[in-house]
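**Student:** Each chain is listed here by its residues.
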Amino acid sequence: SAVISQKPSRDICQRGTSLTIQCQVDSQVTMMFWYRQQPGQSLTLIATANQGSEATYESGFVIDKFPISRPNLTFSTLTVSNMSPEDSSIYLCSVGGGGTDTQYFGPGTRLTVL
Amino acid sequence: QKEVEQDPGPLSVPEGAIVSLNCTYSNSAFQYFMWYRQYSRKGPELLMYTYSSGNKEDGRFTAQVDKSSKYISLFIRDSQPSDSATYLCAMAHNDYKLSFGAGTTVTVRA
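Chains as they are written, first to last, in the numbering used here: chain A, 340 to 453; chain B, 1218 to 1327.
Derived from the structure by calculation, the hints contain no laboratory data.
Distance condition first, Cα-Cα at most 20 Å in a straight line; then the derived SDA-like pairs of lysine to any residue:
(1) B:1259 <-> A:342
(2) B:1314 <-> A:380
(3) B:1314 <-> A:370
(4) B:1219 <-> A:375
(5) B:1259 <-> A:351
(6) A:404 <-> A:449
(7) B:1259 <-> A:383
(8) B:1314 <-> A:402
(9) B:1259 <-> A:378
(10) B:1219 <-> A:400
(11) B:1219 <-> B:1248
(12) B:1259 <-> A:363
(13) B:1314 <-> A:369
(14) B:1314 <-> A:395
(15) B:1259 <-> A:365
(16) B:1314 <-> A:429
Remember, it's a predicted structure, so these values are computed and weren't measured experimentally.
Just chain B, same shape as in the assembly (with noise of 0.2 Å):
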């Protein structure tokens, strides 16, 4: 079984659809959750960063812990055809090292 599983997609929604990216991990030492955007060709580019179970929200994202179920979420409201891209969740405990989900490919039809 794999530290963190992500549902690799693809996922494809027409513009202003709300994007729900979810993952799972199996490691309750994970402390710190991330969500990554990677566009095509390009390094991943840090979009969320929370530590504690709840809520955060960055304009049009929201980022949701559940640490009781080991369930991390990404939503995107209003989406456009920028936002399309592969979508990586990323989680730590204290040492710095990342573990990454596979990562979800995200289209937004215009």
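With the rest of the complex left out, here is chain A (with noise of 0.2 Å):
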């Protein structure tokens, strides 16, 4: 499986600003996920980021207030745009497993928004 890293594991912001969240694999991955997990919730798909072509958002999350970036096949950018207290969460990025379903999960990002 990929070593994945985020940066940073956790802030604290004030509201009104914005937070860039990066995450870092050890190997090329052609699919990569951004994740929001909110207090005592499950994992909802933020949206799809792939290599060379604009990342897919699900519905709910829009491109204004989460604009990703995805440069190469290693790393891929999340920022949290004019952030509320409800932006308070932990945001996880993914990689495919390669050739099936599978995901594997960074450490994730703690963000609280005051």
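Could you use the hints to bring the two separately framed chains together as a complex?
**Tutor:** Now the structure itself:
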């Protein structure tokens, strides 16, 4: 399985600001995914990030709020824009398992918005 | 109705007991079934993966899938305190999008 790191591991931000979360993988992967895990809830897919194309967003998530970059096959960023306390959550990136539907997850970024 | 239903627990068992976790689903298009374990303040870790009805064993873990009943289970034998975590079921069809259950929090008491 791939080794995935995320930066920052946690942050406390003021409302109205933006935070960019980085996801780095130790091998080249085609598909990367961004999830949100709100307190006490399960994981919700935000978007799928493929290298060389625009990210595909799930219902309820828009590019203006969650812009994503995927400059190469080992790296992606998710920006949480114009944050409000409702954005307080854990944000996780994952990568496809290569030929299967399994996914491997990074450690997550714990975001608190005041 | 959620696509994937999972009892959130919490579930508390003594060390050595069998832990039984379940999920039901409504989308008959799901073909791939996974169980993830998530320790506090960590990302989910893939435990088991299967795509066919029946049982799959891996050490102390057994995953069971019944596609006709749209029901999956995870059994943990000889549970250990280190098994204390939240267990998430997840499912997918062919588009790589995973649908997760709410997660069941398990505590194994020493």
